[in-house]
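Peer 1: Chain residues, written in single-letter form:
Number of protein chains: 2
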Amino acid sequence: MSAASVLVATPQSMHFAEALPLRSGASIRAYDLSYETYGELNADKSNAVLICHALNASHHVAGVYVDERGEVIPKSEGWWDSMIGPDKPVDTKRFFVIGVNNLGSCFGSTGPMQINPDTNEIYGADFPVVTVQDWVSAQARLLDALGIQTLAAVMGGSLGGMQALAWTLQYPERVRHAVVVASAPNLTAENIAFNEVARRAIVTDPDFHGGHFYQHGVLPKRGLRIARMIGHITYLSDDVMNEKFGRQLRRAVTETATEGAPFRYTTQDIEFEIESYLRYQGDKFSEYFDANTYLLITRALDYFDPASAFGGNLSRALAQATAKFLLVSFTTDWRFSPARSREIVKALLDNQRDVSYAEIDAPHGHDAFLLDDDRYMGVVRSYFQSKVAA
Amino acid sequence: MSAASVLVATPQSMHFAEALPLRSGASIRAYDLSYETYGELNADKSNAVLICHALNASHHVAGVYVDERGEVIPKSEGWWDSMIGPDKPVDTKRFFVIGVNNLGSCFGSTGPMQINPDTNEIYGADFPVVTVQDWVSAQARLLDALGIQTLAAVMGGSLGGMQALAWTLQYPERVRHAVVVASAPNLTAENIAFNEVARRAIVTDPDFHGGHFYQHGVLPKRGLRIARMIGHITYLSDDVMNEKFGRQLRRAVTETATEGAPFRYTTQDIEFEIESYLRYQGDKFSEYFDANTYLLITRALDYFDPASAFGGNLSRALAQATAKFLLVSFTTDWRFSPARSREIVKALLDNQRDVSYAEIDAPHGHDAFLLDDDRYMGVVRSYFQSKVAA
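Protein chains in written order, with the UniProt record's numbering: chain U, 1 to 390; chain Z, 1 to 390.
In short, the hints are calculated from the structure, not lab data.
Same chains, same names: a pair is fine if it fits in one copy or spans any two.
In silico lysine-lysine, DSS-like type, Cα no more than 27 angstroms apart, as pairs:
(1) K244 - K75
(2) K244 - K346
(3) K221 - K284
(4) K324 - K387
(5) K284 - K75
(6) K244 - K284
(7) K387 - K346
(8) K221 - K75
(9) K45 - K387
(10) K324 - K93
(11) K324 - K346
Whenever a hint applies, use it, and build me the whole structure from the sequences.
Peer 2: So, in structure tokens, the structure goes:
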């Protein structure tokens, strides 16, 4: 396919020489942020939309990559390509959209896989613990460097939605609109529990070496696989799993089955399609994701809790926010259920803020925020057309 | 404490010299079953109640153990001691109650930790795959040996409930009542997915050695810990986790916290109480549970599906059952939700069977079936008094 008709993305990098103080008390001396932009910044720099990513995503939000001959690289679409692009709900003909890879991630921004300038060794487990607030601070510096004072909107799903919410609290004067999708004001005990099991799987993998596996020439793939499998279960709904996989046996199983004995009767080999799917997801993930990044990002999720500084009172916490809000949740999302979004809506209404809220009836669970659902896309499109662009 | 006033349990063992043919086509040449009995078998042998256990339990259902001086051993209560005993819902003054450890388990009955008589080596991963139906066949032989033709009731929770249901299909003429608590007619894709992640954690532990770790003098504790942590999350409800742990920080964390920095900012150490709790559960479990047994029992769960031989039609499958039924489910159980129990109720009603059903409003999730809830205990007590003893 020729790239003429599609949005072509070009990753960029920005260096920051000034140390970034972190919430933990530590700081990052110098760092780089990978980012991409789509569309054109207008003359008064009022049409910028910042997209914040979730656990395993990156700055490559929209568009495709092309090879040296100008041909589109297959499957190189950005992770929110259904949402962002020309004539899409977040229309890049109208908005200047910025995707940025967070500090501590593993897709180009400074993170555990890179050299610690203080020691000239790979950071590994020594990379400082970063929080949602730290990411927002780093993103704000990127906007400074791009000459953008005020965002038309900040937007994200899941952990990205937490960053959007944090923006409205840390830099209320710099955000006109916040779009918070499939998110929550903090993690529940169950959310933390799933994160903790995933972290234990990684940390107790003998190839983890206390987080300094890079020097040993190994990767804790076993742990990463388990972490991803656990995560994946929580991203899907019970319904969509039953619909897609149910109790369906893997083809190889049904082909070799003898009459009256539908199974292979094995504890270690695959019997059911769902097993095959999960193993594939785990294997794929373990090939490209950094184990220390997984620990850092799940911890950032655990720590996020804007209400904690206000005795647990979310309404008081959100009093600082002056942006207008769109919140979206999905009925079958049991990771960040609609009730969690409604907590945010209520706290904003308690402060007489301008809030739109859509609860989308979608079967896909938490993953729905990444999918191309008509009603969901329609709600975001309307919001950007009627409110953000107004 | 003296044992005079309490029910004292005495584990027994029964040897079976005749090979047991298994569903898989394999067979177990000879085997032992550990069991316990409470109360007295009446003259016409009509008051026997068989209790079937779930994933990690055993034949030690009720009562306590005493040491050689006759003193009660602390914390030696059976796993369903709140349910079974003198004057308890299943009253051992009236009923002769039998607990039996299933084949393939690790509490005395023949299983992967024992010697394979064919090879004189520890079974390990070579222990044949067993199904719920195989367990029922083995339990039936134990009843034969005890001279019991007909059970007043067969009863179990979770996987134990599946065995109770299977009893009514395999030996309809031998069961007067079936009490099926917090169970399901089969696993959903999500249930299988959680089992599969747990199994992968065990199998990919380098200390697993393909299931022959006994010869290597190691135990795959890392994998068992992860498996148990995952399981534990699914046993509890989101609500009860929030109530018990919420976002509460571990005491050590709050004590060392500095003003404005409530956390220790660490990815590998414990911050939240829920993490501490899960790690403790995982550690404890990995000390006593056999890894091959975990694989076998989760597979038995995966395979159970009485409707599959009837084109997925549960009503047709349950037409074979002639017992009277009590089904109990718990509102916050998301592992085997009330809807799954209602599927069984509906299928039995389609066959004009005598069915009682109680949906207990309890906050504890799947674990509720093991807890001492007044309404739950009351329902079982009434059923045994008014129906089973009638």
